[in-house]
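S.K.: So the chains spell out like this:
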Amino acid sequence: MCLSIPSKIVEIEEDNIAIVETMGVRRKVSLDLMADVVAIGDYVLIHIGFAMGKIDEEDALESLKIYEEMIIAMDEEERRSLIEQDDNCSNRSI
Amino acid sequence: MQDDKALFDIFRHPQTIQALSRKIYQEALKLSQPLKIMEVCGGHTHTIMKYGLKQLLPDTIEFIHGPGCPVCIMPKERIDQAIDLARMRNTILLTLGDMIRVPGSESSLVEERARGCDIRPLYSPMDALKIAAENPTKKVIFFAIGFETTTPMTAALILRADNEKLHNLFFHINHVLVPPAVHAIMDDPQNRIDAFIGPSHVSVITGSKIYEPIAKQYETPVVVSGFEPVDVMEGILQIIAQKNENRSEVEVQYSRAVTRDGNHKAQAMIEQTMNVRDTFRWRGLGDIEHSALQLGENYAHLDAEAVFSQFLSNEPIDDHKLCICGSILKGLAKPNDCTVFGTACTPNSPLGSCMVSSEGSCNAYYRYGNVV
Amino acid sequence: MKHIQLSHGGGGEEMDVLIRDLFYRHFSNEILLRSEDAAVLEVNGKIAFTTDSYTVTPLFFNGGDMGKIAVAGTLNDLAMMGARPLYLSCAFIIEEGLPYETLERIVVSMKDELAKSGAKIVCGDTKVVPKGSVDQLFINTSGIGEVVLSALSAHHLQQDDIIIVSRDIGAHGACILASREGIELQSALSSDCATLWPVVEALISENISIRAMRDATRGGLSAVLNEWAISSDVCIELEEKNIPICDEVRGICELLGMEPYDFANEGTFILAIDPCDALRAIEILHRFSMSSNAAIIGNVTSHKAGRVILRSAWGSTRYLERPKGELLPRIC
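Chains as they are written, first to last, in my numbering: chain Z, 1 to 94; chain C, 1 to 372; chain Y, 1 to 332.
Worth flagging that the hints you see were computed from the coordinates, not collected in a lab.
You may find that some hints are simply not true.
[Stated by the list, open to error] Only some residues are given here: those of chain C computed to face chain Y with a beta carbon under 10 angstroms:
(1) 49
(2) 55
(3) 117
(4) 121
(5) 124
(6) 127
(7) 306
(8) 308
(9) 343
Just so it is clear, CB atoms sit at the ideal spot from N, CA and C, and this is done for glycine as well.
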């Protein structure tokens, strides 16, 4: 239910605080809730001033690949069905 | 990844959304009957409305907007308590975001602020530490709201406040839990829900395992999806696939952030600081057992409900007689079935929970109802 | 360091010194220096007259300050009615204890902004109030301009008119919000605050058929377009992907759960143009740095009278609502 934005860790400061960046906007967040070690360059989800979890970049890129393949497959299907419709067209003049 | 925008762009890509729409149309043809899908969470309701996703789906897919907006489900008596606390002398009341707009039985926090109470919406709960330290002679009270997503932030704040021995920071805990609310809806024999889109960020904390009993007991697919439009569309496609294959499982579409077990550290911090209430009243759904949290015994000295109990009214306040939010939340009625919808009950003067915040279904219908 | 004291508003010698050393020195012009009870002005033909009060926290922000806004804002209101800005009045309500240097920085900034249009401050007023009565400084400016292009009105939109925005939206609102206590976002974003007359003058002198113009200040793009749709009883349809928004504004919106369409602007205006002139208008706008990324964002239709519709890149639509209440970060 809650707003949470992927942001990149750009600095890690004392007292479990990190600086994160989203589209050129930086802010301080607390790392108190992070179970895993976080490093500069990691992507995390930020909710009301806290990092709450990491984002698995590889997983996101895997999704991207699947979506790209799906778009190609759907376009191909559409092309075929248009050709089929065209072939079935009865009053077609050559 | 080249830049952080890519993480948004993948999941908002117009062609991907359109391809998913076409695929959903194809797959939905195989459905034996129309599907009523509840998106539990207000964030998903927001995505569906903001990106116009309903228009990209066949009529056989219907959304039922769930109870997952912490602002909407807050019962009036709890808001009245926030007002009672804010009215105490030498007090600063802190809360999050648009909670301050929601009306209690007679007033709202915005109104009380205009009358001179010191009420501050916070962007981050951590700011409460600074405010308490800067105002040592005042009572600073954090009116904590939210589901499992927002609960660990309160827990972290409690631990820090305790650690720093802040004597003037108190907590009024209104954190609520998703699974009991889902059970309350599903246990109504008349409910018509066929599947769930599971919350994104609740699940980052809790893990997807908390929905396993729901999928099993009610034989409803649960797909935990992200908040971007591609996420929601893909989640719907996965639900349709489960229905077509006669499966009812918990699946995680939002696998870039959600695991089965969730964030252990955050869970432990909640357990350390809070425990489950016997019962809690939800606006629109009524009393639900074990559906909310309160401060643990070790932290009783920080608990505003205990420390300031003599100032707090505790009368339960019934939902408005004509309001049918309960039925709407269960998918039994549509907002326009309600006799006060758009007349006595509007976003500016809401009678029921579903009209309160922009994530509520009545509010969404009111604004987008005669859709383009 | 000198501070403004109650005596600076008391009508005695201290006030005279303040007016001479600060206001007369920087705003210097013949009419003002005459120091009469009222400025006597010569104006030909129809005039436009407007007033606005300014309060902003913080007083100084990236890309501007309260003085710059107090001049540009009132001049822009004149420009939006097709009027060449000529004269301004200026009243300061100052909280006791404001550093003199702060006030001077603001006055100098007003002077610099006036130079961009040639308008003059010809009369003014100074009040100093006890600490706590106002938040540092309030400024009121009223302006008079000579109407060069009449018949501009929110009621004049017609079907097929083209809607243009002069630059990327939301910079001022996002910039102020980001600097607010408790939010504290850092970015290179700067306010769009600017005097629009030079670009408006170019559009008028090249005979662009403008139906309406409005600077999208409080309430942002959505407030202006909703008002136009209702006043002219037409539908305004927008292509979401064509509305220019910079990355930082997007980032701030993502972080706070807000919409850039609701954010205030201080140097961004919306135009409704006869379709035949739209491309020429864009070409003129692009000559000026303050509107170098002006874009056509939509058109006027008869689809749903009184409503503004946003079209997404994937073909869905939604209403663009007028902003409601205080802008608060969304948590859910």
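S.K.: Each of the hints needs a verdict: does it hold here or not?
M.R.: Hint-by-hint comparison with the structure:
| no. | hint | verdict |
| --- | --- | --- |
| 1 | 49 | holds, 7 angstroms |
| 2 | 55 | holds, 4 angstroms |
| 3 | 117 | violated, 16 angstroms |
| 4 | 121 | holds, 6 angstroms |
| 5 | 124 | holds, 7 angstroms |
| 6 | 127 | holds, 5 angstroms |
| 7 | 306 | violated, 26 angstroms |
| 8 | 308 | violated, 24 angstroms |
| 9 | 343 | violated, 19 angstroms |
Taken one by one, the earlier hints fail for this structure at numbers 3, 7, 8 and 9, listed in ascending order.
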